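Spelled out from the first residue to the last, the chains are:
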Amino acid sequence: MIATLQHISKFYGKNRSICALRDVTFSVVKGKRLMITGASGSGKSTLAKVLAGWEQPDEGVIEFSGARPQLIPQEPATSLNPYWTALEIVAEPYRIGGMQNAAKLAAEWIDRVELPPSCASKLSSRFSGGEQARLAIARAMAALTIEGREAGLLMFDESFSALDEPLRIRLLEFLIRLQTTFPVTYAFVSHDLGLTSGFMDSIAVMENGLIVEYGDAPQMLNAPTSQTMIRLVAASRGVA
Amino acid sequence: MFAQACKRLLQSFLLLFAITTIWFFALSFAPGDYFDEARLNPATSPETIERLRTAYGISQPAPIRYGRWLWSVVHGDLGQSIAYNAPVATLLKPRVANTLLLAGTALALSWSLALSLGVWAGGRTGGLIDGLTRGLAGILLAIPELTAATFLVYWAARTGRLPTGGMTGGDGNALRDIILHMILPLAVLTAGGFPVLFRHVRLAVRETIQAPYIRTAISFGINPARLWLRYILPAAANPLISLLGLSFASLLSSSLLVEFVFGWPGLGPMFLDALFARDTYLLLAPVMLSSMLLLCGNLVADLLLLWNDPRLRMGK
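Protein chains in written order, with numbering that gives the first Met the number 0: chain A, 0 to 239; chain B, 0 to 315.
Derived from the structure by calculation, the hints contain no laboratory data. Please read all numbers here as calculations on a predicted model, not as lab measurements. Each residue gets a CB set at the ideal place from its N, CA and C atoms; glycine is no exception.
Reference listing, derived: stretches of chain A covered by chain B, where coverage requires no fewer than 3 residues with Cβ under 8 Å from a Cβ of chain B:
| # | stretch |
| --- | --- |
| 1 | 61 to 73 |
| 2 | 84 to 95 |
Listing some non-contacts, in silico: residues in chain B with all C-beta distances to chain A over 12 Å:
| # | residue |
| --- | --- |
| 3 | 13 |
| 4 | 43 |
| 5 | 62 |
| 6 | 92 |
| 7 | 108 |
| 8 | 173 |
| 9 | 174 |
| 10 | 179 |
Only some residues are given here: those of chain A computed to face chain B with a beta carbon under 10 Å:
| # | residue |
| --- | --- |
| 11 | 78 |
| 12 | 79 |
| 13 | 120 |
| 14 | 121 |
| 15 | 123 |
| 16 | 124 |
| 17 | 139 |
| 18 | 142 |
| 19 | 145 |
Same shape as in the complex, but just chain A (with noise of 0.2 Å):
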């Protein structure tokens, strides 16, 4: 188990009106790829955001192995900070674990990631979004593998959604290729199957801030049982 959540509940609004995960319990396995899926609302985004810790649950407790899980959000460009250069946002999960040589590291992962040398010295509002993509992803993989440690989980929040298909094929072949070298764990949030879900190991299926369905991807593709997965196979497919 590389994260594993224990009755996590968490409200929004007034009151706690909102109840975005109700006692959820759920295990993330090591070094496969799953899909959290669902209806907008279902709770999923909260999920990923409570296991990045951007979010506190308000209920229950989160474990993790390694180093803590990293989200990279809708608009990868958002989670990176304007004002500096790309080396200085890969290394800085290096700087803030005290490590001496972080500028150097930094400068692998850009390498590792497949931008070019130059991009290094570039602030990272100046990139395209295939190339912001990439570099939330050098850093998230900085701050997983940070002091030699096995790499964590990395989540994605729809994060390629604003990309074209041709280079959304790409990013996953890369993920794909990263995970042979560094036995990393995915996540991707998504409430299409589309493409991404031919990728993936397992599925999790939420609803009304509940893990309603949970399973080997092929199998729930082929049998879905639960309502919301039914209705997503079926959209996936062109079905209305």
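For this one, chain A is given, so just place chain B on it according to the hints.
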């Protein structure tokens, strides 16, 4: 960066020229002049008035008067006041100093309060401190400056605790006197300036804190000092720097009415007198100074922005 600064400086001079030109001709289009009231007095002969008008140069057409004024301003002479029969510069000097003392202190006070409370409240939105400071700012914002000033003058006159006018009581202790006379106008000006600034600071900090890149940094386990100094404050500073530039612009004009109510010997009372008397040159100088402050403020803000925001510094 140097080229950008030069360009801004040149633009500022052109703008200053445009502002004074518009003011001068707007004033000269208004019917009548300073000597209109003298004309009503049967003891003054029309010949005397004509002689005075010629002596002060206001019988000449506006473009010529403007050219002469511009020429002397470029040479450091702000012209002559007709009403006071004295050089404008001599008249303005002590009054500008008094206005800057009052408005500058009020500005510094408003900004210090707004920055400290705004950062505090913006970092803890929804909490008790946030609620209290927001409530206070809302109440202050709703009270018109003139109402507050009038009320305080009434209070001071009734209780006699603080002076209601003038600046020095002449008892020899000048500093104590200035402070005592400053308390009430300063309170009104600070109460007027603080809420607007506070709301901007609070919002800037609040919006910055919610940015995903700040959330990401927090999830790395960053220490609070680094988070505030390296992430939140530089990002929140951007909109506030522009606001600071505008604050500078209001240094001479923000306190005009309050000075009038409290009898503070600044620009305010003289400016109003000069306006009613159509004392053109005495009016033009404060207008020009005020425009210069606006341009300087904007220039300083631009330079600060260049320094703070690498996106501007590093070009496209």
